[in-house]
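Residue numbers (full-length UniProt numbering), protein chains in the order written: chain A, 1 to 220; chain B, 1 to 299.
One should not assume that every hint holds.
Listed next, with one range per pair, are the computed distances between beta-carbon atoms [what the hints assert, rightly or not]: (1) A/Asn176 - B/Arg256: 28 to 34 Å; (2) A/Val100 - B/Ile245: 31 to 37 Å; (3) A/Ala88 - B/Asn133: 46 to 52 Å.
Every beta carbon over 10 Å from chain B, so not counted as near; a handful from chain A, in silico [to be verified]: (4) Met1; (5) Ile13; (6) Arg38; (7) Thr54; (8) Met118; (9) Phe138; (10) Leu150; (11) Gly158; (12) Leu167; (13) Val172; (14) Lys182; (15) Lys184; (16) Met198; (17) Gly211; (18) Arg217.
In case anyone wonders, no lab produced these hints; they're calculated from the structure.
Even glycine gets a Cβ: it sits at the ideal position worked out from N, Cα and C.
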Amino acid sequence: MKYRSVFDIIGPIMVGPSSSHTAGAAKIGRLARSIFGRQPKKVHISLYGSFAETYKGHATDVALIAGILDYDTNDPRLPEAPKYAEEAGVEIEITTEEAVPEHPNTARIRMMDGADEMEVVGISIGGGKVEIAELNGFQLNLSGQSPAILVVNHDRYGVIASVTEILSKQRVNIGNMRVSRKEKGKMALMVIETDDIMDESILSQIRVLPGVERVLRMED
Amino acid sequence: MFRNVAELVALAEQQSCSIAEIMVEQEVRVTGRTREQIREQMGRNLDVMEQAVERGLQGVQSHSGLTGGDAVKLNQYIAQGKGLSGDTILDAVSKAVATNEVNAAMGMICATPTAGSAGVVPGALFGLKDKLNPTREQMIDYLFTSGAFGFVVANNASISGAAGGCQAEVGSAAGMAAAAIVALAGGTPQQSAHAMAIALKNLLGLVCDPVAGLVEVPCVKRNAMGAAVAMVAADMALAGITSTIPCDEVIEAMFRIGQTMPTALRETALGGLAATPTGKRLKEEIFGKQQNPSPSSKG
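Chain A extracted, bound-state conformation (with noise of 0.2 Å):
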């Protein structure tokens, strides 16, 4: 089932005007950038199906920017969004894609940071409910809703071992988990949702395991 809360429903409470233009595209953005861990210096986002059409009578980019700049669907900031993300000095360049999307509200955010790159494929998907469907090519579909980190690594035996032996020690339980490759033996991708947010120490540790070359966190 896609809806699990009732607050799903009934809820969020948000500036408006709509549900999955605006909170939903704040939120995309919001879990985007903490994907990416940081504040990024330059982004560039992409706006396909419903989302190309409509943007500007839903202020879908306005939203979209505040939640790069970490802002809640409630943030009293948001319609500002622009502007503060100038003042902060980050790069923002959208346009609108012609190519007909699996999903009519999807948004592609590119994040960068010097040679620090990331892309993110974001749907949304009604009701201020969203999914993050793509991390640099690997097909996702994350809510957000549970605390989840993302592994990447090199596709071979033992790295996943590796990372769930961890997990174990630490008495850290997985309620879900994903592995997936682009091709065999080259790169992979390990997600986990887990119950309680990880603590920082545990992430470090799977970021030194042979294999691992990159540890991302993603919360609500």
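Dock chain B against chain A, hints included.
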């Protein structure tokens, strides 16, 4: 977890409790939070709804100038005793309009189930306040009842205009409100299900065609009618009238209609009222002919 309306009603009947109670219990199980925390959060939603109604009744104006001030007009008309369709229903309509005018003006609202349809559920609730004199706890229960029915629609069909058209937004909201009004007025869970079915079936096929892509025209007036449909559907169910097509099948029909609806009529602002000569002219007046987005656009 209840997966459909039939299961929801059966659970309430088996446990001899309200639908609101089933929803609260499920929320406790899913989130691990306490009943008090959950009811308190719903109370905050209720407060935001009330503030939005009050603000809208004082008069607001959207940035585009397309909407605002209609809640005030209707309220004055009711006060003059001119209302033909009944003061309770007109009161609900004026409060639904108030909420959506605040939403269009980028004010603070609570999505029920979405922002574009945020007027229906609170409009009906505050419209009935004088007639039924509900306690705060009963008002919170009303929101849990709406939430339970909306939960089924969201999981089995859609609450997104981009995915299913306006029937998925205002249609769902009217069904949720109708079911919750029945419960608030002392009806049975089964009557709530019939009220939802009656309300939703009358909004099946409603397209999402916002002029200039703004959540204003026709959204504000569709919320007005959504509240009116909800009130009448609730009255019909309370009178003992049943829906021949069961509620879950109406929801399923809504989903299938949404899937076959052309993209132009699903929140892309390319068809319907958005594509009328006036709709197109308004779009040009508001946004000009410029097509390239800029990060500083204020929407």
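Against the structure, the hints come out as follows:
Restraint check, A/Asn176 to B/Arg256: a C-beta distance of roughly 30 Å satisfies the suggested window 28 to 34 Å. The hint said 31 to 37 Å for the Cβ distance between A/Val100 and B/Ile245, and at roughly 34 Å that hint holds. The hinted window of 46 to 52 Å between A/Ala88 and B/Asn133 holds, with their beta carbons roughly 50 Å apart. Not every CB of chain B is more than 10 Å from the CB of A/Met1 (nearest about 5 Å), against its label as outside the interface.
Some Cβ of chain B comes within 10 Å of the Cβ of A/Ile13; the nearest lies about 5 Å off, and the non-interface call is violated. Even its closest Cβ contact with chain B, about 20 Å, leaves A/Arg38 beyond 10 Å, as expected for a residue assigned away from the interface. Separation of A/Thr54 from chain B is inadequate, the least Cβ-Cβ distance of about 3 Å not exceeding the 10 Å criterion. At the 10 Å boundary, the C-beta of A/Met118 stays outside the reach of chain B, the nearest C-beta of that chain being 19 Å off.
Distance to chain B confirms A/Phe138 as a non-interface residue, since its nearest Cβ pair spans about 24 Å, more than 10 Å. At roughly 23 Å from the closest C-beta of chain B, the C-beta of A/Leu150 stays outside 10 Å, upholding its exclusion from the interface. With a least CB separation of 34 Å from chain B, A/Gly158 remains clear of the 10 Å interface cut-off, as annotated. The claim that A/Leu167 lies off the interface holds: its Cβ sits roughly 20 Å from the closest Cβ of chain B, which is beyond the 10 Å cut-off.
No beta-carbon of chain B is positioned within 10 Å of the beta-carbon of A/Val172; the least distance is around 16 Å. Distance check for A/Lys182 against chain B: the nearest CB is about 28 Å away, which clears 10 Å, and the non-interface claim stands. For A/Lys184, the requirement that its beta carbon stay farther than 10 Å from each beta carbon of chain B is met, with the minimum near 35 Å. At the 10 Å boundary, the C-beta of A/Met198 stays outside the reach of chain B, the nearest C-beta of that chain being 17 Å off.
Taking the minimum C-beta to C-beta distance to chain B, about 34 Å, the non-interface status of A/Gly211 holds against the 10 Å cut. Non-interface call for A/Arg217 relative to chain B: holds, since the shortest CB-CB distance, roughly 21 Å, exceeds 10 Å.
The structure does not agree with the numbered hints 4, 5, 7 stated previously, though it agrees with the rest.
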